[in-house]
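The listed protein sequences derive, respectively, from chains H and X. Residue numbers for the first sequence follow the working numbering, so the first one is 10 and each next one is one higher. Residue numbers for the second sequence follow the working numbering, so the first one is 86 and each next one is one higher.
Mixed in with the good hints there might be a few duds.
Stated by the list, open to error - Each computed DSS-like pair below joins lysine-lysine, with the alpha-carbon atoms no more than 27 Å apart: (1) X:Lys213 - X:Lys365; (2) X:Lys393 - X:Lys409; (3) H:Lys129 - X:Lys686; (4) X:Lys365 - X:Lys500; (5) X:Lys690 - X:Lys651; (6) X:Lys324 - X:Lys360; (7) X:Lys726 - X:Lys686; (8) X:Lys213 - X:Lys229; (9) X:Lys213 - X:Lys186; (10) H:Lys129 - X:Lys651; (11) H:Lys125 - H:Lys62; (12) X:Lys791 - X:Lys633; (13) X:Lys726 - H:Lys129; (14) X:Lys360 - X:Lys382; (15) X:Lys284 - H:Lys154; (16) X:Lys690 - H:Lys129; (17) H:Lys129 - X:Lys657; (18) X:Lys400 - X:Lys625; (19) X:Lys651 - X:Lys625; (20) H:Lys125 - X:Lys690; (21) X:Lys409 - X:Lys399; (22) X:Lys324 - X:Lys732; (23) X:Lys365 - H:Lys154; (24) X:Lys642 - X:Lys400.
It is worth saying that the hints were derived from the structure and are not from the lab. Since the model is a prediction, treat every value here as computed from it, not as a measurement.
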Amino acid sequence: MTSFFVNGKQVQVDVDPSTPLLWVLRESLGMTGTKFGCGMALCGACTVHLEGKAIRSCVAPVSRVEGKRVTTIEGLSANLTHPLQRAWIELDVPQCGYCQSGQIMSAAVLLAENPKPTDKDIDDAMGGNICRCGTYSRIRRAIHKAAELVSEGRAK
Amino acid sequence: MSAPTMVGRREFIRTGAAIGGGLLVSLYAPLPDGSSSALAAEEKGIALNAFVRIGTDESVTVISAHSEMGQGIYTSLPMLLNEELQADWSKIRVEAAPVDKVYNHPVFGMQMTGGSTTSPAEWERYRKMGATARVMLVETAATKWGVEPSTCRVENGSVIHAATNKRATYGSLANAAAQLTPPANVPLKNPKDFTLVGKPTRRLDTPSKTNGSAQFGLDVIVPGMLTAVVARPPVFGGKVAKLDATEALKVPGVKTVQQIPSGVAVIAEHFWPAKLGREKLVIEWDLGPNAGLSTEKMLHDFAETALKPGAIAKKTGDPEAALKTAAKTITAEYDVPYLAHAMMEPLNCVVDLRSDSCEIWTGTQFETVDRANAAQAAALPPDRVQIHTTLLGGGFGRRANPNSDFVVEAVHVAKAAKAPVKVVWTREDDMRGGWYRPMWHDRFVAGLDANGDPIAWTHTIVGQSIMQGTLFEAFAIKDGIDSTSVEGAADVLYGMPNLQVDLHTPKIGVPVQWWRSVGHSHTGFSVEAFFDEVAHAGGKDPYELRRKLLANQPRMKAVLELAAQKANWGSKLPPGVGRGIATHFSFDSYVAQVVEASVEKGEVKVHRVVCAVDCGLVINPDTVRAQMEGGIIFGLTAALKTEITLKDGRVEQSNFHDYQMLRIFESPEIEVHIVPSGGNPTGVGEPGVPPVAPALANAIFAVTGKRVRRLPIRASDLA
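Could you put the whole structure together from the sequences, leaning on the hints where they help?
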């Protein structure tokens, strides 16, 4: 039995402890917002937060998260109010959308650590997330936009 | 803040009368807020025709006959329909159509999504459906009020009779309207009166793609479902000679291991045990005739073949004679590799096979073909097979497989599983699964006159046919020429007095298929890169020579001029940066691109891409921009990164470490300019791809003096 927290709620799963967190989220917990892309931490589609840091859940055995706090795309906001979600919607970033959970989760850690990222900061932080549809220029713009929304929110 | 539900997604199986006849069984997952809009709509909705359903709650559900794979069709089709219906745009939802002939592609006569054809093909039908529904709603209101329909108007989801100050919402009229006989030949708006079509409109699917609720094939959960992975032969066409599953069956969670036509299925409770089980299989393969395949040898063979004359695809004038009189001739050979589609969502398919029915959930571009092939595999009549098309995590052609490989295999797995089953392809399975863009070799000889103008152009193409052996063969192959092998070459727009394009079509055991922009993905590169060589050989500016030879092609000329103007063609660039230009006509659209790039120690950096496009009447300008942006990144990935190679019959690449995608730090600034145009909409999903590789190659020549004649671009070729 492995016990940990997902989006603030405690969960217990009875799986082989070597099972990657990705499959526990998707199959044991039915939370399919986190995606399978490569299984080798090469594409970032499976990005979630572990104690606030971005990790690739496809290579993180569930034993690694025992007792810890995991945040997934489903837990980013209750109703699309996270600045990144608002920016993504405003700029219509997604095309097929499959990689976007991972993109947004990577961007969320970037913004939490660096509220005013430059293009270079964005390129560095987002380099592990592949988008086959090629939405990169919009991702860059949307992260800048989200940073603006955050600072406007603070100014209020 | 309420946390999302922690139980697995609940699913509701709904049974009801299908729009196109027969029984429709549908699975709807609730939204994260716990509601289920699709369910509610089905309970309350009234179908006014097969393409739109209006709910008493004012919801308007547009039924999409085409798959959403990122190209934005789940927004463009509702825009077309609502241009005429004039419902409240905020109430519009989209649902994938079931498989039914009413949803057949108006041109291709089968239900499918591909060839950048949805907007061109549906441009009238969806507007007609919207207009038909509107006329029925107006008639219903007018009858109720005892007034002439012509005295009513509609606005934002209501019918209004101004003289008597009456107003009724569509939802309140829908029940009665559904009783009417739909009118024939409803008139459509003149495009100049459009209020929605042509305006930048936010995609309807974006919110669901930012909170994890968008449902792709891999996300489908059916009660009681098992998960399977398949061990497929290491060489195309191989067969299982001997199987020992003893150790695999010992993995906790593995239910069964079964041989199926495409390999060995490991069927388990979940993905992870299935994958672990597969690793424990001991299989001896009979590799078959393809065990000796080598792309290195093919490269050599193709080049030899290209020296011989092929089947003539196009001949204008007398190129042979013109070459003899030429003041100067130049020859060049180009090579491009096999390419995998590499959609971010690997292939997958869920099948629930019963004794008298087969229900399939998958992201597919090819519903009619898949249903026929699945029915055959299930030994059921096609009308007993239903396909639920989910969102596609990328398609690029791979999910329109002529053999329905990933669907048929899943039916076989379901037979073996004796339970609903999801077949998951790992990235490695997907990448090594074949159905690639073919490898191509292009050989050119051009002759120039004393002024440096081209007077002869011959182009010999060598590569596999994607149509041979498919149900499209009769339609696509004429006199030994697969039209998709020579598209973009035989129909080149430049005025060439003496032109010949010929084709060799070797038969090779590597399965090949359409890949975003199809034949144009290689001819765009070779023709436009060689054109640059011809221009330089004749001492001409490559932009000016293009302009001159496009004198009779006003739309392409305008696109070329716009791209050049926006990119300041001819202006000074920073030292070390080169500029290249290319045009390409494909899917009835005209595209020109200018690339600015530099090369440092063999490493190419693309700084900027300026793109101009004429795609006829634009439905959603932001979608056109997005598709050009995405097409450019897709094309640059092929130019700079990817190749599938074979050695001893085995594919050498397996995942994103050895089949690398362009990443954000390599992605240039992209500017898209849309030429105001009229006429019907033309293709958008693919035409952005072909020009970028040659524009980049030409930019590299401008800055290094080195010609790029093979893709992907290698540092060793630039040294």
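Hint-by-hint comparison with the structure:
1. X:Lys213 - X:Lys365: 57 Å, violated
2. X:Lys393 - X:Lys409: Within the cut-off at roughly 18 Å; holds.
3. H:Lys129 - X:Lys686: 21 Å, holds
4. X:Lys365 - X:Lys500: Holds - the C-alpha atoms of lysine 500 (chain X) and lysine 365 (chain X) are around 23 Å apart, at most 27 Å.
5. X:Lys690 - X:Lys651: 20 Å, holds
6. X:Lys324 - X:Lys360: 20 Å, holds
7. X:Lys726 - X:Lys686: Given pair lysine 726 (chain X), lysine 686 (chain X) holds - Cα atoms ~16 Å apart, limit 27 Å.
8. X:Lys213 - X:Lys229: Answer holds: lysine 213 (chain X) to lysine 229 (chain X) is near 24 Å, not above 27 Å.
9. X:Lys213 - X:Lys186: 18 Å, holds
10. H:Lys129 - X:Lys651: Answer holds: lysine 129 (chain H) to lysine 651 (chain X) is near 26 Å, not above 27 Å.
11. H:Lys125 - H:Lys62: Holds: lysine 125 (chain H) and lysine 62 (chain H) sit about 18 Å apart, inside 27 Å.
12. X:Lys791 - X:Lys633: Satisfied, since the Cα-Cα distance of roughly 25 Å is no more than 27 Å.
13. X:Lys726 - H:Lys129: 22 Å, holds
14. X:Lys360 - X:Lys382: 34 Å, violated
15. X:Lys284 - H:Lys154: 22 Å, holds
16. X:Lys690 - H:Lys129: 15 Å, holds
17. H:Lys129 - X:Lys657: With Cα atoms ~26 Å apart, lysine 129 (chain H) and lysine 657 (chain X) stay inside 27 Å; holds.
18. X:Lys400 - X:Lys625: With a Cα-Cα distance of about 25 Å, the restraint between lysine 400 (chain X) and lysine 625 (chain X) holds, given a limit of 27 Å.
19. X:Lys651 - X:Lys625: 21 Å, holds
20. H:Lys125 - X:Lys690: 26 Å, holds
21. X:Lys409 - X:Lys399: 20 Å, holds
22. X:Lys324 - X:Lys732: Holds - the C-alpha atoms of lysine 732 (chain X) and lysine 324 (chain X) are around 18 Å apart, at most 27 Å.
23. X:Lys365 - H:Lys154: 49 Å, violated
24. X:Lys642 - X:Lys400: 24 Å, holds
Violated hints, listed in ascending order, are 1, 14 and 23; each of the other numbered hints is respected by the structure.
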